[in-house]
Amino acid sequence: MKSLSEIDTTSKRASRAAGYSWGVAEEIGKNIRLLELFGLEGIKTLNQYYSVKDKEKFSNLNLIIENNISDKYPYCPIILGINFLDQIRTLEKFEKITFNKISFPLLLLPFLSRSSEIIGKKINLKFDKIKFLLNLNVNISSNLLDKNCPEIASNVEINIIENKDNFTEQEWKSLYKLSEETFVEETESLKQGAAGAGLTDND
Amino acid sequence: MQVQLRSPNTIMKLSRLGSFHQSKLSFLRSFLDEFKDWEYKRDLFSLDELGYGTAVYSFKKKDRIYSLVCFANKIDDGERSDRVIATKWDAAFTLHDGVPSKKDIERLRNEVPKQEVGRLSYKELTLSRANKSVRVFNHVVESLSNGYQPDLNLLEKVGYLYRTTAVYGSGKFGLADRFRIKNREEINGPFRLEMMLVYLVRQFTFDQVNHVAKSKNPKTAVELDPKICKKLGIGNSTGLGMAPFIVNHPTLLNNWIMSREIALKKIREIKKINSNEIQVFKDSLRKSIKNITSWNSESEYQKKKINSLLEDVQKFLKFIETKFNFEIDYPFNEIYLWIEEKTCNECIEYIASMMLEPFDYIVKPLVNQMSSEEDKYFTIPTDRNVEDLRNIIEKRYPDILKINFTKKENNKNFWFISKNKEEPRYADRFEETGSNLEQPLAIARDIKKLHSQLMVSKNSLTIDKFLAQNNDLRHVVRRAFIIEKFPYSEIQDNTIGKNVIPIDMLRLKLSFFGALKFDPRSDKWLRICMFQGAPLPNELKNFDQQWIYNS
Numbered sequence: 001m002k003s004l005s006e007i008d009t010t011s012k013r014a015s016r017a018a019g020y021s022w023g024v025a026e027e028i029g030k031n032i033r034l035l036e037l038f039g040l041e042g043i044k045t046l047n048q049y050y051s052v053k054d055k056e057k058f059s060n061l062n063l064i065i066e067n068n069i070s071d072k073y074p075y076c077p078i079i080l081g082i083n084f085l086d087q088i089r090t091l092e093k094f095e096k097i098t099f100n101k102i103s104f105p106l107l108l109l110p111f112l113s114r115s116s117e118i119i120g121k122k123i124n125l126k127f128d129k130i131k132f133l134l135n136l137n138v139n140i141s142s143n144l145l146d147k148n149c150p151e152i153a154s155n156v157e158i159n160i161i162e163n164k165d166n167f168t169e170q171e172w173k174s175l176y177k178l179s180e181e182t183f184v185e186e187t188e189s190l191k192q193g194a195a196g197a198g199l200t201d202n203d
Numbered sequence: 001m002q003v004q005l006r007s008p009n010t011i012m013k014l015s016r017l018g019s020f021h022q023s024k025l026s027f028l029r030s031f032l033d034e035f036k037d038w039e040y041k042r043d044l045f046s047l048d049e050l051g052y053g054t055a056v057y058s059f060k061k062k063d064r065i066y067s068l069v070c071f072a073n074k075i076d077d078g079e080r081s082d083r084v085i086a087t088k089w090d091a092a093f094t095l096h097d098g099v100p101s102k103k104d105i106e107r108l109r110n111e112v113p114k115q116e117v118g119r120l121s122y123k124e125l126t127l128s129r130a131n132k133s134v135r136v137f138n139h140v141v142e143s144l145s146n147g148y149q150p151d152l153n154l155l156e157k158v159g160y161l162y163r164t165t166a167v168y169g170s171g172k173f174g175l176a177d178r179f180r181i182k183n184r185e186e187i188n189g190p191f192r193l194e195m196m197l198v199y200l201v202r203q204f205t206f207d208q209v210n211h212v213a214k215s216k217n218p219k220t221a222v223e224l225d226p227k228i229c230k231k232l233g234i235g236n237s238t239g240l241g242m243a244p245f246i247v248n249h250p251t252l253l254n255n256w257i258m259s260r261e262i263a264l265k266k267i268r269e270i271k272k273i274n275s276n277e278i279q280v281f282k283d284s285l286r287k288s289i290k291n292i293t294s295w296n297s298e299s300e301y302q303k304k305k306i307n308s309l310l311e312d313v314q315k316f317l318k319f320i321e322t323k324f325n326f327e328i329d330y331p332f333n334e335i336y337l338w339i340e341e342k343t344c345n346e347c348i349e350y351i352a353s354m355m356l357e358p359f360d361y362i363v364k365p366l367v368n369q370m371s372s373e374e375d376k377y378f379t380i381p382t383d384r385n386v387e388d389l390r391n392i393i394e395k396r397y398p399d400i401l402k403i404n405f406t407k408k409e410n411n412k413n414f415w416f417i418s419k420n421k422e423e424p425r426y427a428d429r430f431e432e433t434g435s436n437l438e439q440p441l442a443i444a445r446d447i448k449k450l451h452s453q454l455m456v457s458k459n460s461l462t463i464d465k466f467l468a469q470n471n472d473l474r475h476v477v478r479r480a481f482i483i484e485k486f487p488y489s490e491i492q493d494n495t496i497g498k499n500v501i502p503i504d505m506l507r508l509k510l511s512f513f514g515a516l517k518f519d520p521r522s523d524k525w526l527r528i529c530m531f532q533g534a535p536l537p538n539e540l541k542n543f544d545q546q547w548i549y550n551s
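Chains as they are written, first to last, in the working numbering: chain G, 1 to 203; chain H, 1 to 551.
The following block holds chain H by itself, in its conformation from the complex (with noise of 0.2 Å):
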């Protein structure tokens, strides 16, 4: 039997990509999978009795040494702020490609902690900076300075000991660019050195927790259990800074969801699976309900998802358990066919991630193809003619091309970059200014601007000659001849029309990073979990591959 693909007119749209879950393929399970027989050290700790200091972690493999390099500081409680605006932070990070001389971790504690405003150099990868969840961090020295653990009903409730408040890679303020490392192996998949930043960084906030407690109380303080480590990750709250990545990298886009896709179709085409398979689906699935239980948000927009996640999710388990026959042929496609049918959308995603779980030889040789060579796919084809141009666009953007731009609502926002942060920002173009100095970010209302432009013009005429006229719509022109190769590099939806939820572009993307427990804090920005449930690093030769499912 053969399944065919999910169009990408369904499965683009922005309330679908919206509804994405993490799955096998996220970049925080591949990352502690890649790097499992990696020697994990804790080269420096040297912090004060406050935790104020620098500390140095890597992960080493023959010859190949990768150093988180830590300072954290101390900040007035006024000065704390999640926000982009922030010029302070409780710590601060880089990834370092190699050891750190002692020159070098000088030149970095000048420049790491002022963050965008530092300078780095082509010696350092990732650069990121986090603040305490202070009444979690002070709860949890208090509890084990005075020697026993904390509430794990509080811990549970917030997830982690800090939050990042942005991670920054290839090439930004001086970092190395992509291009100098793009050939190391161990680093072939997306965000794999962001990933490391991130999985070292929640290591450092354990030690510098036990370090403060010991600090304060030598004589009574116990660690923080290991299993309770366990069931911390790291916070990060996100805005509007990582929507247009996913417009501006439309081939790296593609690549992701098409690897998903490709998974879940391979899936539903297995004839008969075994009772072992079965039982990581259901063992997965049924842990995973912790997950959705003990997601909390403020947020009315997401409470509703997760309540009707919630019911379709348990209205699937009892399905299965009652009325389900696993040993029919074709039992996921029979599976992924009733969830079409009967449940929403988060739970159509959620469902369809867990149906990689037991699936190792399908997902691990996808992972794999996660990455992209953009430049490649840069060049417009301009020896094509504006026929071809006309039948892609009319092939690949069918909803987009009935959609009415004159009509002020969906028209209403635009997408520009703030000129005191340098940060994408979005706003209603009636009634801020600005919108002259829009960012290429509308998509749709510029592909149907070109399609109106080519069905003016001569079918036969080349590309190259109806650019010469037309160099206004040459970048939805590259958009659509990438396109054509690549079905799922293009948001099928209205990136500036008045319903538009901009968080659900992070959310695609957050996904893609393995995050869970999203938390809108408004239609604009989020917090997010990372690597909750993960194994310690002194954990990683050997653990459980479904770790996801047990924080």
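Isolated chain G (complex conformation) (with noise of 0.2 Å):
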């Protein structure tokens, strides 16, 4: 078994060789170590990204509006997701930023989690019937588990998920009434010796 370690040497190396600088590399690095830490194919896609690098075309975003189209060839995925981690705090504003097609959409995923902790809110990353949830860097949750992420992304959809919860006002006050059933009723000459008790509170 490889470790991390060595997943984000190798992975920034080849990176360096693909042709980016070396800061673009060490982030490369970075992500496909965290890819490989929550269990996606991070090594396999970033191989098959690098072995079509040159012989294919990509376009290169650089600022990245609320609805993004590429006329001729998908996005390249690490110049979108390095902008997308630097751009992170004016995106933010933005509910839903959209991206006609996006090659190799796996490799946008770190930096979509690493731009999450960043704003510390949760993103969704939709397309062709796919979903990703990014949960602050901590972890990734998709339906897409035991099958292949499709080489091209099309009609991408990416939302920014003010924070809120994830239940009703009814589960959680169910929820507290039970735990109250924790809580032992004070008698009177518990309340006369509790902090604060005999001050007034202007003084």
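By construction, these hints were calculated from the structure, which means they are not laboratory data. Don't take each hint at face value.
Below, in silico cross-link-like pairs of lysine-lysine (DSS-like), each with a Cα-Cα straight-line distance of 30 Å or less [to be verified]: (1) H:Lys172 <-> G:Lys2; (2) G:Lys2 <-> H:Lys88; (3) H:Lys74 <-> H:Lys182; (4) G:Lys122 <-> H:Lys182; (5) G:Lys53 <-> H:Lys419; (6) G:Lys30 <-> H:Lys88; (7) G:Lys2 <-> H:Lys123; (8) H:Lys421 <-> G:Lys53; (9) G:Lys44 <-> H:Lys182; (10) H:Lys182 <-> G:Lys30; (11) H:Lys303 <-> H:Lys123.
On the chain G side, residues computed to face chain H include the following (Cβ under 8 Å) [stated by the list, open to error]: (12) Ser21; (13) Asn83; (14) Ile152.
Quick reminder that beta carbons are idealized off the backbone N, C-alpha and C, glycines included.
Fit the two chains together into the complex; they arrive one by one in their own frames, and the hints show the way.
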């Protein structure tokens, strides 16, 4: 079994050899490590991408806007991901960000995962009936388990989810009521000895 | 009185870093202190009469066990090499997490002796190999087997029976990643498991030499006197593999240097010191002279440094014995100002290290601040702007911005990874091929390039937009934001210039390990000694904290 440290170093060096700057290669090393840690096929997908990178054409998107359309080629997941990560503070303002096509979308995931951590909000990625939930860089959940991620993602939608409860007020109240059964009713004498007892509140 | 921390622009110069010495903060000393109440055991010792076979040693506390698994193999004299290109060694070692099963030992027997081409598992933590100092080992066997102790002069000159040629950890060759074990309290400090491996290897070398002597002549053989054992350490041959580490781990480097600088500052700020503290300082200093006089090196460069160190330490000793009054206010501040004015870099750093000796209450809390959660500082704060970044660079890299990299002498060398051994190397870019595959270790040059680019960019431009056009500078943008928070994170020198002595970078790291007797064999590799004078495992419960000056 390869260690995550080996995965990081080798991905970084391979990315430099594939033509990225050292700074970008460092990001890719960390990302592939993250994918493998979360049980996703980072090494395999990076290999697939680098094997076609020089043969096929990809579009580099530097400034991300709400609706991004590449007329000819799918977006490069690395350049898109780097810019998404760097621009996340601006992108956070958009409710929905769309891209018409992205190649090797799995390679975009760790950038989104790290972006989610920076802004402290969950991020949803959807394309072709596939969904990923990037959860503050703590984990990635998906309906893709045991299936291969496609090489091209079409009609990609990214939603930055405002922080809110994942349950109803009624569900919370019900659980809270149960938790109250661990509390003890205070007697008058106990109340007299509690912190602050005997003092006026405006002293 | 408030003393300022010493300026990174002075301390982080290579010539100064290359003059660092071990101190109470050094990892091998902290390791012994932290493991003194662990139970030591030799669990297996199955060697043949020539000393080849398998041994297992362990440290145990409650449910936690670390086991050193040793494999001693026969190699021909012609196969023995300290160079990284070697493929066979007298002994190979791994530190196993827990108690190795028979199956584990069989697996490790196939893999550990192969070192870099073997595969370890997440159950192994560190990996190493070592070669005998054949001359010393054979002499000791010969002496002991004939019933007498070996020649102390020879032993003192070399200082060890074996020297390691690499110690690997943190996920190399399949070893456990740091993240798997980072929450273990006992190994919170840097390199604790590497120190444990070397320390247990030292004991293996004593056990092996005794075993071989006894096998040779069971009737007359005696054991190596424990007092002599204590004077022996483990040697180490180290090359450039270590140098990139301190560039690639900026926050860790900062935390090492910062801890030492904070200790020094606090000690200089003590108004009155007591007689016991004075005594510990003076005793350590006097005893340490032996570490200098027994420091042998063939290197002219190092010989000069040792001579000026010895001369200046003796001058300093005379000063504190005859002229200096420790009863004045802030005595260590006065001492520091005196050494800074009157002695060489080697001596300044030597005395600075020595000043830590009496002050456990200052040093111990700092030992816990020498690790780093490096990933926390990896992300670039891209909402900052060009003006912020330029200000950081101008404040933190003042001398580096003065270097003219269009001059050939300032751009002479490059760092690369060798294809045959995957090890860092250093070469002249105008004489060797491969500079197009240069590693990102020319930080000074790239920072200067970044600064030039910032000078022609709009102040209010945010870093995300700056990077969209300048991603070739991303690695140094990251570093600049790190140095803003971690002032000692960067070498304040040009690491590719004509006058660079790469072993200065090794010396810095090795001083934090606690190595003694730096012996440069060229400007690119050196030998050192570790754990010389250290207590033996059965003495760990109660030992002299200043053991390092007893060797």
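Cross-check of the supplied hints:
1. H:Lys172 <-> G:Lys2: 9 Å, holds
2. G:Lys2 <-> H:Lys88: 24 Å, holds
3. H:Lys74 <-> H:Lys182: 37 Å, violated
4. G:Lys122 <-> H:Lys182: Roughly 27 Å between the alpha carbons, so the hint for Lys122 (chain G) and Lys182 (chain H) holds.
5. G:Lys53 <-> H:Lys419: 24 Å, holds
6. G:Lys30 <-> H:Lys88: Distance of about 34 Å is beyond 30 Å: violated.
7. G:Lys2 <-> H:Lys123: 13 Å, holds
8. H:Lys421 <-> G:Lys53: Holds - the C-alpha atoms of Lys53 (chain G) and Lys421 (chain H) are around 28 Å apart, at most 30 Å.
9. G:Lys44 <-> H:Lys182: At roughly 28 Å apart (the allowed maximum being 30 Å), Lys182 (chain H) and Lys44 (chain G) satisfy the hint.
10. H:Lys182 <-> G:Lys30: Judged against 30 Å, a Cα distance of about 18 Å means the pair holds.
11. H:Lys303 <-> H:Lys123: Violated - the C-alpha atoms of Lys123 (chain H) and Lys303 (chain H) are around 44 Å apart, more than 30 Å.
12. Ser21: Result: holds, 4 Å to nearest chain H Cβ.
13. Asn83: At 6 Å from the nearest chain H Cβ, Asn83 (chain G) passes the 8 Å test, so the hint holds.
14. Ile152: 24 Å, violated
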